[in-house]
Amino acid sequence: MAGKLDLDPRVVRTARRLAAKAGQPVVDLARSHTTVSVERAVLRLAGVRGADQDGIPWVNRLVDAVRADVGLGHGVAVPVFHAMRSAGVDDITVLAQKAAAGAVRFEMPAVRAEVTAARRSAKKAGGGGLKIVDRRRAERERLIKRHGDPKQRPWIYLIVATGDIYEDIPQAQAAARAGADVIAVIRSTGQSLLDYVPEGATREGFAGTYATQENFRLMRAALDETSKELGRYVRLTNYASGLCMPEIAALAGMERLDMMLNDSMYGILFRDINPIRTFVDQRFSRQVHARAGIIINTGEDNYLTTADAVEAAHTVTVSQLLNEFFAHEAGLENWQLGLGHAFEINPDLPESFRLELAHALLARELFPDAPLKWMPPTKHMTGDVFRGNLLDGFFNLVGALTGQGILLVGMMTEAVVTPWLSDRDIALQNVRYVLTGAGKLHEDFVPAPGGFIQSRAHEVLGEAIALLEKIVDDSLLDAIADGTFGIMKRPADRGKGLDGVAKHDEDYYNPVTEALEP
Amino acid sequence: MAGKLDLDPRVVRTARRLAAKAGQPVVDLARSHTTVSVERAVLRLAGVRGADQDGIPWVNRLVDAVRADVGLGHGVAVPVFHAMRSAGVDDITVLAQKAAAGAVRFEMPAVRAEVTAARRSAKKAGGGGLKIVDRRRAERERLIKRHGDPKQRPWIYLIVATGDIYEDIPQAQAAARAGADVIAVIRSTGQSLLDYVPEGATREGFAGTYATQENFRLMRAALDETSKELGRYVRLTNYASGLCMPEIAALAGMERLDMMLNDSMYGILFRDINPIRTFVDQRFSRQVHARAGIIINTGEDNYLTTADAVEAAHTVTVSQLLNEFFAHEAGLENWQLGLGHAFEINPDLPESFRLELAHALLARELFPDAPLKWMPPTKHMTGDVFRGNLLDGFFNLVGALTGQGILLVGMMTEAVVTPWLSDRDIALQNVRYVLTGAGKLHEDFVPAPGGFIQSRAHEVLGEAIALLEKIVDDSLLDAIADGTFGIMKRPADRGKGLDGVAKHDEDYYNPVTEALEP
Amino acid sequence: MSIVRPYGDTTGDGMVQLSFTLPIPHDKRAEGAAIQLANKMGMDPALLVHAKPMGELTFFVVYGKVSHLVDTDKVQVVERDFPLLSAKEVNATIKRTLRRRLNVVGACIGTDAHTVGIDAILNLKGIAGEKGLEYYSELSVTNMGAQVSVPDLVETARERKADAVLVSQVVTQRDAHLQNTRAMSAAFREALPAGKRPLLIVGGPRFDELMAADLGVDRIFTRGTTPREVASYLVHALAGSPS
Amino acid sequence: MSIVRPYGDTTGDGMVQLSFTLPIPHDKRAEGAAIQLANKMGMDPALLVHAKPMGELTFFVVYGKVSHLVDTDKVQVVERDFPLLSAKEVNATIKRTLRRRLNVVGACIGTDAHTVGIDAILNLKGIAGEKGLEYYSELSVTNMGAQVSVPDLVETARERKADAVLVSQVVTQRDAHLQNTRAMSAAFREALPAGKRPLLIVGGPRFDELMAADLGVDRIFTRGTTPREVASYLVHALAGSPS
Ligand code: B12
Ligand code: B12
Ligand SMILES: Cc1ncc(COP(=O)(O)O)c(C=O)c1O
Ligand SMILES: Cc1ncc(COP(=O)(O)O)c(C=O)c1O
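Chains as they are written, first to last, in the UniProt record's numbering: chain G, 1 to 518; chain S, 1 to 518; chain H, 1 to 243; chain X, 1 to 243.
Possibly wrong hints are sitting among the right ones.
Claimed, not checked - Short derived list, chain H residues pointing at chain X, Cβ under 8 Å:
hint : residue
1    : T11
2    : V16
3    : M41
4    : K52
5    : P53
6    : L57
7    : K74
8    : E79
9    : K161
To be verified - Derived Cβ-Cβ restraints for the label pairs, each shown as a range:
hint : chain 1 : residue 1 : chain 2 : residue 2 : range
10   : X       : S149      : G       : G128      : 36 to 42 Å
11   : S       : P368      : X       : I3        : 51 to 57 Å
12   : G       : E214      : H       : A213      : 57 to 63 Å
13   : G       : N334      : S       : E443      : 54 to 60 Å
14   : X       : I3        : G       : E214      : 25 to 31 Å
These aren't lab readings, by the way, just hints derived from the structure by calculation.
Where is the CB? At the ideal position from N, CA and C, for every residue including glycine.
With the sequences and hints as input, model every part of the structure.
Written out as structure tokens, the structure is:
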């Protein structure tokens with residue numbers, strides 16, 4: 001694909017260098033802080049399971065108890081494993097239950113040997129979780145070898161969103177049979193602001209189904225069956241976003257999810273989550289994804305629902321560069337970077353289609369080794385479902401012409417309802433038509449040198465560099481506070497979940513980060 | 001647009017030379033024969049109007065009477081104008097009425113001076129008709145100057161087909177307001193096999209409205225109004241096909257229709273009209289169209305509804321070359337050649353879209369000065385109207401990418417009903433989206449040298465030349481008899497309307513042909 | 001399952017999509033009128049999701065829930081009540097029971113010129129991978145083509161001693177297909193006594209298979225018919241059961 | 001015109017298009033079931049033009065004629081019963097009658113995070129070329145953003161002495177918008193005596209404007225609302241008539 005835009009490699013290198021410079025202070029911040037959810041993720045990997053009668057996970061009760069006694073700054077690993085030893089409990093969930101009942105107190109051991117012992121136990125327990133993650137990854141590789149990968153690029157990505165895992169499952173299986181390569185289970189509207197991960201199989205989501213370990217397991221098992229039936233490994237996606245990003249990443253790793261929505265800024269911008277909380281959580285979750293062999297999907301598409309897709313095109317590029325930097329820093333490889341972008345230009349705008357092509361090609365050529373995630377029109381979809389299906393067709397065509405890696409299938413009812421079963425069928429038929437009839441059209445499509453498409457791509461890249469320079473000068477946190485992305489203004493000292501952040505003490509210890517740090 | 005396929009001009013010249021060679025015998029046939037409808041057309045131009053109580057036009061009664069008395073071989077002009085003089089009638093319609101009542105007898109005058117006198121009167125009367133045609137043409141040019149031509153290419157061509165001229169009119173006006181540049185009034189299913197042209201305003205067509213002089217007049221007047229309202233000259237189309245092709249051409253010329261469906265073989269293939277009848281009628285009607293400044297639309301698209309659009313692609317090319325030759329021979333200029341072709345490849349076929357592009361580009365580059373008429377998918381349309389609208393969008397895109405001149409707008413309900421008002425609106429919205437968003441994409445679209453699209457175009461051209469060579473060897477009439485076009489086998493001695501054909505006698509005289517012969 | 005409801009995205013939600021035009025200009029009242037229509041059709045709640053002015057008319061898209069129940073036990077359909085035979089079986093049965101070739105005359109009548117459907121059934125080439133009736137050695141097929149008048153059809157059927165007459169009708173505007181079919185069956189009734197009348201079969205994409213009696217024909221075939229089904233039916237109706 | 005019918009391609013033809021899924025596998029019976037549903041909706045004849053198997057379910061497209069009449073006189077709509085004012089008039093009227101700025105508190109409540117709609121109404125930027133309420137000098141606007149809980153909203157409304165509370169709801173799955181709106185209006189009724197309650201306004205693309213009373217709010221705005229309409233309504237309801 002490369003070379004259609006005639007991008008200057010020096011300019012591209014400049015852009016990357018600027019992104020690294022802009023991102024580094026945030027990485028430093030993430031490396032020196034922890035959050036309640038990072039700590040809970042550690043304990044989940046170390047084996048805490050289940051929830052109390054009110055549905056509050058034991059892991060939350062445990063972290064809260066530790067925090068009340070010694071704060072978060074040391075990390076919970078040492079106090080917890082020290083307490084296990086002291087209390088003579090060897091099931092960590094039992095410890096959590098006791099802690100919740102007020103039957104255990106936590107402290108940082110005073111004696112160095114005790115610290116070492118607690119660290120050693122923590123490391124072992126945490127390592128146990130990581131071993132599960134590793135096994136899952138190996139299992140995935142085996143199943144892919146057995147059943148095979150999708151025959152075509154882009155992979156076809158479909159959403160289910162009934163709110164009820166038991167409705168989701170047959171719908172997901174039907175979607176896979178109809179051609180979906182990736183199934184995403186959308187989450188209930190409220191989940192990202194919950195500071196705990198719900199437990200068990202759930203049937204009561206709004207416009208999406210709760211992300212729970214059990215729901216993950218049920219869906220993955222169902223899709224394993226379907227993969228076998230179809231002779232094609234069907235991938236499963238969920239969301240590691242929101243206040244529980246690290247934990248959900250850990251659960252995803254342990255339940256063999258294959259892709260996760262995981263953006264460095266989405267939660268800040270679209271859920272008003274505190275920027276620092278997000279950046280800390282994000283780094284940990286990405287380290288887990290790196291280890292689990294999970295492909296992340298970033299959320300640049302969302303910016304174009306609140307900002308204008310032409311005016312703000314360069315903010316997508318900037319965000320992709322930042323997401324790439326953060327991802328690499330956390331250990332993710334290029335094949336794991338499902339960088340997002342979207343077909344959101346007003347279809348009434350002259351040249352809208354050529355502009356879309358230019359933007360999509362730019363992303364493609366800037367990130368040649370990443371499986372870009374190409375998102376369908378949403379903002380300019382209306383109740384006119386006939387027109388909707390048409391727009392989706394042209395979206396699919398851009399996807400095919402620009403070699404996108406993952407195609408989130410657009411639904412003609414986008415402006416009306418969460419997708420109906422038949423909407424998915426119509427949408428897949430649309431994708432199939434375009435890929436079958438024009439899947440290789442890119443071979444014939446060589447934008448004229450210096451023509452509209454090339455010029456537009458260069459223009460956007462130029463704007464992106466200018467913006468990155470400004471961010472380097474001011475700081476990324478300030479840029480976010482100013483509404484640079486998606487016109488959402490999010491100051492670093494506001495937003496949800498800030499109280500769950502703590503600065504590392506000198507003796508901060510986290511057995512999982514230790515294992516995952518590159 | 002030219003040059004994207006890198007066609008070899010020598011090969012293109014060969015193709016044209018072969019087409020001329022294949023067509024010439026048919027031209028010779030046409031020049032040495034007449035038909036009842038040619039003769040009626042002459043008399044219509046000479047002023048015969050109206051119909052008897054059964055709706056049989058006086059012009060039919062008159063020609064039948066002449067034929068009964070002296071045969072057709074002399075042409076009707078001399079016997080008729082001789083009779084007028086002899087009977088002392090100076091209104092030609094009155095003569096027809098008298099003839100129908102058996103009150104006049106016809107003969108070829110024995111005296112040379114009488115022949116000369118009759119010819120002179122005939123020429124004057126026929127010239128009167130041609131003057132009307134000329135006035136109409138001048139009027140069109142004036143109106144186009146006043147109101148303007150469509151701003152974009154392709155021109156947007158919409159069909160109305162209620163069967164009732166009084167429903168057609170508001171629908172046509174609505175379509176024009178919604179963006180149509182050309183309105184075609186589809187004919188009732190039976191009309192093409194009627195050996196007369198119905199009279200008056202009609203409301204009882206099946207799946208189309210009768211082509212009558214009065215319907216032409218009413219619709220043209222309505223669209224003149226709308227043209228004024230819109231500041232854009234809206235063109236009107238009808239069908240000069242079937243057994244009355246010459247007469248309808250004459251009526252179209254006199255009522256200022258702007259385009260006419262007029263194919264050299266359609267009637268043979270799809271209405272089982274005798275080949276000789278058709279070729280004779282066709283030549284005359286084209287001469288009239290040439291004079292009237294009418295753009296013809298040929299019917300190659302139809303072949304692809306009975307034959308396979310990939311296998312038979314070259315038969316479309318061959319037919320276009322033949323239609324071009326016949327058209328030039330009859331005096332039509334390139335700007336009048338709306339050569340037909342269609343988006344009819346099975347959409348499930350791999351590469352269908354690229355094949356469509358290749359075929360459409362081939363037509364474009366073979367006939368760079370003709371306003372090609374690009375026809376939408378019909379055969380592979382189904383009751384799935386959502387898919388239908390999508391296919392139409394990709395059809396529109398090929399139209400835009402290959403610089404077609406006239407775009408017949410596809411309807412999502414193609415497989416269901418004659419178009420509803422709302423279907424047209426949805427269809428126009430589709431066209432508008434594609435032309436606005438991707439109308440200039442052709443600038444960026446340069447098929448790779450030697451790539452799929454170029455190769456396919458060269459292949460089709462090669463097959464077309466091979467077929468033309470065979471036709472030159474065997475004769476066009478044999479090729480038609482063998483089912484070369486549209487898999488319809490039509491031997492020259494069969495089909496409807498053969499009894500309406502007569503060979504010219506030595507003294508054949510036709511004042512209109514005389515005036516129109518180049 | 002006997003009682004079912006439409007399925008949007010969960011079992012039993014009853015959701016359907018509807019579109020139509022009302023001949024009134026777009027305004028709030030027009031939107032209300034659209035909802036009124038949807039309500040009358042049993043959609044409640046009816047969600048008006050799109051309204052597009054088209055001059056003096058307005059096009060609407062409505063989504064909503066219908067409360068109607070569909071009782072699949074009460075569905076009337078013409079089920080295939082004869083075995084589907086191979087070409088071999090068709091030929092063998094005709095040979096055995098009729099001891100002569102079975103004569104078939106086909107045509108597209110009236111002003112309808114759509115021959116692709118009848119050709120698909122009759123011509124060698126066939127459709128969907130199945131050969132047409134001409135392929136069957138024991139069927140003698142006369143395909144009269146398009147725009148055949150009813151008198152010509154009756155005449156030819158008589159001449160060829162047709163056992164079965166196959167008529168195609170594709171154009172349905174103003175019920176052309178129904179009118180032409182009725183005219184055809186009436187003409188056969190008039191021209192020939194009951195025992196001498198060929199089997200009358202019509203086909204076309206928009207027929208209702210339940211209307212055979214109403215139209216005076218023996219059988220109706222519709223969308224997606226294959227030649228083999230027709231051949232099997234001919235054997236069933238005219239040559240009795242195979243072996 | 002008071003009685004109208006759907007218009008396909010001729011006046012009064014009554015034609016409509018319908019699509020839906022039935023949870024039964026595709027076969028003839030399923031097609032019959034689809035027609036049964038269309039018939040129950042009043043389509044007769046109902047033409048089944050497309051049936052697509054989707055595993056154990058089938059998707060259908062049906063075209064047909066409905067005989068229902070639409071009586072435009074019987075349509076119920078919430079007509080704008082107040083004058084549309086310019087920003088100048090809005091400001092002047094508030095100044096004159098209230099003699100203080102009018103306090104508006106807006107939020108997207110519940111778990112709904114769609115702020116584009118409420119922002120379009122409140123923020124300076126506005127929508128469709130119209131500035132939002134923040135632009136009006138006599139309106140004091142507090143935009144609480146997304147996912148605001150009802151108690152927080154009531155608290156803020158109290159603090160800011162809100163004259164009007166503007167709530168947006170976009171997610172409608174499982175009637176989330178209706179539940180949240182009811183919870184909100186109940187909370188205000190509980191928290192404040194009748195005279196002290198702010199004007200309650202909800203908006204979102206899928207509300208039914210006729211449901212205001214049912215939901216316990218004063219007014220509902222839906223698809224395509226512009227800030228000026230809202231400002232004019234606020235003046236009408238809270239500040240009396242202009243000049
Ligand atoms: C091909 C086609 C044509 C070709 C026909 C070529 C030919 N020689 O047949 C051409 C281009 C000439 C043509 C012309 C016209 N057409 Co046309 N055409 C079509 C088209 C695109 C496909 C029809 C087809 O071939 N289907 C494929 C065959 C295999 O399917 P089928 O006919 O349904 O047959 C199957 C079954 O129904 C059944 N069957 C059918 N007949 C019989 C008979 C028997 C005995 C049995 C057992 C079974 C059987 O078995 C077949 C195989 O499974 C349709 C649109 C569409 N996509 O459906 C319009 C369509 C049928 N045409 C239409 C019209 C209006 C016309 C015109 C009248 C337009 C005009 N005024 O100029 C003209 C004139 C034709 C005339 N006088 O009848 C309309 C009819 C509208 C309506 N419902 O009334 C349609 C639906 C398009 C539209 N939306 O406007 N047409
Ligand atoms: C943009 C968008 C988003 C953005 C929101 C960004 C933001 N900050 O608002 C993002 C990408 C974050 C998003 C996320 C989700 N979305 Co969303 N989203 C949309 C989208 C594409 C456009 C909505 C929009 O902005 N419309 C433009 C505004 C101007 O229109 P409006 O809201 O109707 O507002 C106007 C009027 O209604 C009125 N109005 C509205 N509110 C008020 C209030 C008052 C007081 C007044 C007077 C007037 C008024 O005035 C406005 C101006 O005219 C729609 C699809 C579509 N095309 O409609 C889906 C859609 C609304 N989203 C949907 C869903 C399900 C979600 C998710 C829940 C999916 C998931 N599970 O992850 C998430 C989570 C969101 C959550 N927790 O609520 C569904 C809702 C389905 C349903 N009917 O229940 C939709 C319909 C898409 C779909 N088909 O699935 N989404
Ligand atoms: C990156 C990312 N995370 C998460 C979400 C989902 O949002 P929520 O946090 O409401 O589950 C989205 C929305 O599509 C997204 O793009
Ligand atoms: C060239 C040509 N003539 C005529 C017609 C119309 O056919 P009819 O002769 O039935 O009016 C068509 C069909 O589209 C056509 O393509």
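Hinted contact H:K161 with chain X - closest CB pair below 8 Å: Since the shortest Cβ distance to chain X is 34 Å, the answer is violated.
Let me know if the C-beta of H:M41 comes in closer than 8 Å to any C-beta of chain X, holds or violated. holds (4 Å)
Taking the Cβ atom of X:I3 and the Cβ atom of G:E214, is their distance within the range 25 to 31 Å? This hint is violated: roughly 57 Å between Cβ atoms.
Look at the Cβ atoms of X:S149 and G:G128 and judge whether their distance stays inside 36 to 42 Å. Given about 39 Å between the Cβ atoms, the range holds.
Was the hint right that H:P53 lines chain X, CB cutoff 8 Å? With a minimum Cβ separation of about 13 Å from chain X (threshold 8 Å), the hint on H:P53 is violated.
Starting from the range 57 to 63 Å, see whether the pair G:E214 and H:A213 falls in it by beta-carbon distance. holds (58 Å)
Chain X contact restraint on H:E79 - CB to CB distance below 8 Å: holds (6 Å)
Regarding the hint that H:T11 lies at the interface with chain X, is the smallest CB-CB distance below 8 Å? holds (7 Å)
Does H:K52 hold up as a contact with chain X if the rule is Cβ-Cβ below 8 Å? violated (13 Å)
Should the hint that S:P368 and X:I3 are 51 to 57 Å apart at their CB atoms be regarded as holding? holds (56 Å)
H:L57 as chain X interface residue, shortest Cβ-Cβ below 8 Å: Check passed: Cβ of H:L57 comes within 6 Å of chain X, closer than 8 Å.
Range hint 54 to 60 Å (beta carbons of G:N334 and S:E443) holds or violated: Violated - the Cβ-Cβ distance for G:N334 and S:E443, about 33 Å, lies outside 54 to 60 Å.
In terms of the numbered hints stated before, the structure departs from hints 4, 5, 9, 13 and 14, listed from lowest to highest.
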